[in-house]
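J.: Line by line, the protein sequences are chains F and B. Mind the numbering: the first sequence is residues 1 to 439 in our numbering, read in order. Mind the numbering: the second sequence is residues 440 to 878 in our numbering, read in order.
To be clear, the hints were calculated from the coordinates, so they are not data collected in a lab. Incorrect hints may have been included.
[Unchecked claim] With a cut-off of at most 25 Å between alpha-carbon atoms, the simulated BS3-like pairs for lysine-lysine come out as follows:
hint, chain 1, residue 1, chain 2, residue 2
1, F, 200, B, 509
2, B, 639, F, 70
3, B, 793, B, 467
[Said to hold, decoys possible] Among the chain F residues that face chain B by a calculated CB cut under 7 Å, a handful are:
hint, residue
4, 59
5, 66
6, 423
Here a beta-carbon is modelled for each residue, glycine too, at the ideal position from N, C-alpha and C.
There are 2 protein chains.
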Amino acid sequence: MSSGAPRHRVVIVGGGFGGMWAARGLNKQPVDITLIDRRNFHLFQPLLYQVATGALSPANIAAPLRSMFKRQRNCRVLLGEVTAVDGAAKSVTLADGSAVPFDTLVAATGSTHHYFGHHEWEQHAPGLKTIEDATEIRRRVLSAFERAERTTDPVELDRLLTFVVVGGGPTGVEMAGSIRELAIHTIRYDFRAFNPAACKVILVEGQPRVLGGFHETLSRKALEALVKMGIDVRLDCHVTDVQADGVTVKPDGGKAPAYRIDTATVVWAAGVKANPLGKLVAAAAGVEADRAGRVPVNPDCTVGARPDLFVIGDLALQAGADGKPLPGLAPVAMQQGQYVADAIGRRAKGKEPKGPFRYWDKGVMATIGRAKAVAETNGFRFSGHLAWFAWLFIHILYLARFENRILVLFQWFWNFVTRNRAARLITGERADRTGAAPG
Amino acid sequence: MSSGAPRHRVVIVGGGFGGMWAARGLNKQPVDITLIDRRNFHLFQPLLYQVATGALSPANIAAPLRSMFKRQRNCRVLLGEVTAVDGAAKSVTLADGSAVPFDTLVAATGSTHHYFGHHEWEQHAPGLKTIEDATEIRRRVLSAFERAERTTDPVELDRLLTFVVVGGGPTGVEMAGSIRELAIHTIRYDFRAFNPAACKVILVEGQPRVLGGFHETLSRKALEALVKMGIDVRLDCHVTDVQADGVTVKPDGGKAPAYRIDTATVVWAAGVKANPLGKLVAAAAGVEADRAGRVPVNPDCTVGARPDLFVIGDLALQAGADGKPLPGLAPVAMQQGQYVADAIGRRAKGKEPKGPFRYWDKGVMATIGRAKAVAETNGFRFSGHLAWFAWLFIHILYLARFENRILVLFQWFWNFVTRNRAARLITGERADRTGAAPG
Numbered sequence: 001m002s003s004g005a006p007r008h009r010v011v012i013v014g015g016g017f018g019g020m021w022a023a024r025g026l027n028k029q030p031v032d033i034t035l036i037d038r039r040n041f042h043l044f045q046p047l048l049y050q051v052a053t054g055a056l057s058p059a060n061i062a063a064p065l066r067s068m069f070k071r072q073r074n075c076r077v078l079l080g081e082v083t084a085v086d087g088a089a090k091s092v093t094l095a096d097g098s099a100v101p102f103d104t105l106v107a108a109t110g111s112t113h114h115y116f117g118h119h120e121w122e123q124h125a126p127g128l129k130t131i132e133d134a135t136e137i138r139r140r141v142l143s144a145f146e147r148a149e150r151t152t153d154p155v156e157l158d159r160l161l162t163f164v165v166v167g168g169g170p171t172g173v174e175m176a177g178s179i180r181e182l183a184i185h186t187i188r189y190d191f192r193a194f195n196p197a198a199c200k201v202i203l204v205e206g207q208p209r210v211l212g213g214f215h216e217t218l219s220r221k222a223l224e225a226l227v228k229m230g231i232d233v234r235l236d237c238h239v240t241d242v243q244a245d246g247v248t249v250k251p252d253g254g255k256a257p258a259y260r261i262d263t264a265t266v267v268w269a270a271g272v273k274a275n276p277l278g279k280l281v282a283a284a285a286g287v288e289a290d291r292a293g294r295v296p297v298n299p300d301c302t303v304g305a306r307p308d309l310f311v312i313g314d315l316a317l318q319a320g321a322d323g324k325p326l327p328g329l330a331p332v333a334m335q336q337g338q339y340v341a342d343a344i345g346r347r348a349k350g351k352e353p354k355g356p357f358r359y360w361d362k363g364v365m366a367t368i369g370r371a372k373a374v375a376e377t378n379g380f381r382f383s384g385h386l387a388w389f390a391w392l393f394i395h396i397l398y399l400a401r402f403e404n405r406i407l408v409l410f411q412w413f414w415n416f417v418t419r420n421r422a423a424r425l426i427t428g429e430r431a432d433r434t435g436a437a438p439g
Numbered sequence: 440m441s442s443g444a445p446r447h448r449v450v451i452v453g454g455g456f457g458g459m460w461a462a463r464g465l466n467k468q469p470v471d472i473t474l475i476d477r478r479n480f481h482l483f484q485p486l487l488y489q490v491a492t493g494a495l496s497p498a499n500i501a502a503p504l505r506s507m508f509k510r511q512r513n514c515r516v517l518l519g520e521v522t523a524v525d526g527a528a529k530s531v532t533l534a535d536g537s538a539v540p541f542d543t544l545v546a547a548t549g550s551t552h553h554y555f556g557h558h559e560w561e562q563h564a565p566g567l568k569t570i571e572d573a574t575e576i577r578r579r580v581l582s583a584f585e586r587a588e589r590t591t592d593p594v595e596l597d598r599l600l601t602f603v604v605v606g607g608g609p610t611g612v613e614m615a616g617s618i619r620e621l622a623i624h625t626i627r628y629d630f631r632a633f634n635p636a637a638c639k640v641i642l643v644e645g646q647p648r649v650l651g652g653f654h655e656t657l658s659r660k661a662l663e664a665l666v667k668m669g670i671d672v673r674l675d676c677h678v679t680d681v682q683a684d685g686v687t688v689k690p691d692g693g694k695a696p697a698y699r700i701d702t703a704t705v706v707w708a709a710g711v712k713a714n715p716l717g718k719l720v721a722a723a724a725g726v727e728a729d730r731a732g733r734v735p736v737n738p739d740c741t742v743g744a745r746p747d748l749f750v751i752g753d754l755a756l757q758a759g760a761d762g763k764p765l766p767g768l769a770p771v772a773m774q775q776g777q778y779v780a781d782a783i784g785r786r787a788k789g790k791e792p793k794g795p796f797r798y799w800d801k802g803v804m805a806t807i808g809r810a811k812a813v814a815e816t817n818g819f820r821f822s823g824h825l826a827w828f829a830w831l832f833i834h835i836l837y838l839a840r841f842e843n844r845i846l847v848l849f850q851w852f853w854n855f856v857t858r859n860r861a862a863r864l865i866t867g868e869r870a871d872r873t874g875a876a877p878g
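One chain only, chain F, in its complex shape:
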């Protein structure tokens, strides 16, 4: 594309909300962008729980990265995983050994699950970060009902019909609500040997309230809605062990004696830690990542004394206007992406920077089952149908491709009317063999 002098080379690692908005923001700027991701698609993570419960197909919430950037001629998409960052030579190394040089690096690889040091829990309690996570959870949830249809042992039946969601943040609340919806409505008439409505969904949260990042009024509203749906919410309750056939918890903030919940299906929505790229970039800049692997960044999203290294999104640890760290939410990543694109564009053209990054908090929201949600924006809090419509509108708005918007809207409309969930396929492993231990 370029002719004459070599252009400023920008390498963006990660095609999530942060990286995508950074790359898009650099459209028409005099730079050459290389967008590196391990996957060939951008994933709309906020709707992943709908894939995990069979309401949407994976492709509905994913957009091929190449497709999104095919007309942006200054952007090249590269499939690969960054395994090393050389701050002195200014290049990143991919898993296949090839090096990609940069003038400016933007690290935006986000976060992954965190099991508080108990890595062995992962096999029994998958988290919800990738398409494969979602189809695996879908497989486990649906297989539990299938096995329930075959069993003749009442104790085993009880275990199979108990679902535990660990973590009462937005993802945990949405997962618990969706599993319950699935059981009491979607598959209501599907089985002959048991009543799906008899299933137990238990939401375990370590703090004294659900949706800890929201205002207390909304936590209360959400709790009320969850209980009304028949979800067993256990607050102030710490998970101390996870096995193939159960979860051990300590109630009363971990001070009361532990007890076991027998269950065949555990979903992990409790902790996240930053992608390992964070530590690599921190080391290259001579700063230290925090315990969760996040990189402390300057007010302009650069790291240490390196104006050429940017870290954004879940990978970054940055204080907001109130002095508290900015939350790991899509809007933060998107705004940081736009901000660094602007900053890099100005530099490439020799202009002055615009000042520090300011997060514009448009609010937070979470759905709880069918047509219920809680939301707050600018101190204004609302819940119920209105919040649900707002949720629906905003999620459709930010879905990456027009086609997906229509497909998702139609499926939501259809599911709302018929209470059906079309995408409840057990795939990946032979469904009849799911009686074996997972792993």
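With chain F's structure known, arrange chain B on it following the hints.
T.: Relative to the frame of chain F, chain B by itself:
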């Protein structure tokens, strides 16, 4: 459900076209049906190639079996694999060891790939029978382009951009056409290091013409359309070896010296053999399955001297009106399913049977890329746009759920206008690691 005398127990193994139509046909009949399948969904196999090339999502062509039978109260769905058939005790055994007794058994488990005794070819040349097959082929095709973007070796580039489809039946023709469409239209502007239109799609067929089951006029039309699309069709050409990096073929009906085609992606659409259940049922009835594992059945679809054992669909070997074996097509299976449902219903009510099964041949059709198809019905043959519209109409008509019809129609319309394929996700294995040997 039943009260008083025990009802006639019908066990149907397989929820494909044959089994599903048999179970549906027995709705309201005084029988208790158990429908056993290894998967929890009915799959519309004729559109599987569209999943393999990213045009549709798996859930669009699958329908949860429980959902389809939830209101048919005389039908119970059981997830499981039948591992033994006891003709004397009249029961089938599932993989978990449990036995399901029957008064009448309908075997309808269809067919799987056949590598002519070369089982080791499977890892390099996946077939197209299951959802996992389709997403695996999708992963391989898309990954080949991704690796092509990264390579700097012109020989490797050539190998990565060569796609071989083995078998010139409807599936092979449709796959070859779709891969070529994908390359020259969908991903046309997606890459920076090479031109996707430079890809080679080679269709290898052992017989002297493609679509061997169709009239010669249509074979010629199809060949013409394939060549016009830029597909390299090699007729009368036998595959003698398949490795990770190439295919060895012998042209001229296997009489000329062998040569190699270097390729990273091979799709197998050449041979099928019956599911192992065929042999079990044949043995229970004291007859012998043919070389492809198909069970020779009586004119009423029963086996040997056993009026209580039915075999239908791809699993059955039955002569048509012309004395030739009926083809392994969805309409044959569906009509046989309806026929045996009627026969069983009559028996359960003590009525006389209606005479032998007669296949009503409504015709055959195949698409070749965008808006082109060939079809024949009642000696009337047509091709081009009209055939394509007929193909479209019939496939939508037979899709199992109303919701899927709308979703598929919309995606087809959208793909037709934009030439986009939304579902081109590389999943299942980390995309950046696909450089490693497949397997």
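J.: Does each hint fit the structure? Answer for all of them.
T.: Evaluation of the provided hints:
| no. | hint | result |
| --- | --- | --- |
| 1 | 200(F) <-> 509(B) | 22 Å, holds |
| 2 | 639(B) <-> 70(F) | 22 Å, holds |
| 3 | 793(B) <-> 467(B) | 19 Å, holds |
| 4 | 59 | 4 Å, holds |
| 5 | 66 | 4 Å, holds |
| 6 | 423 | 4 Å, holds |
The structure shown violates none of the earlier numbered hints.
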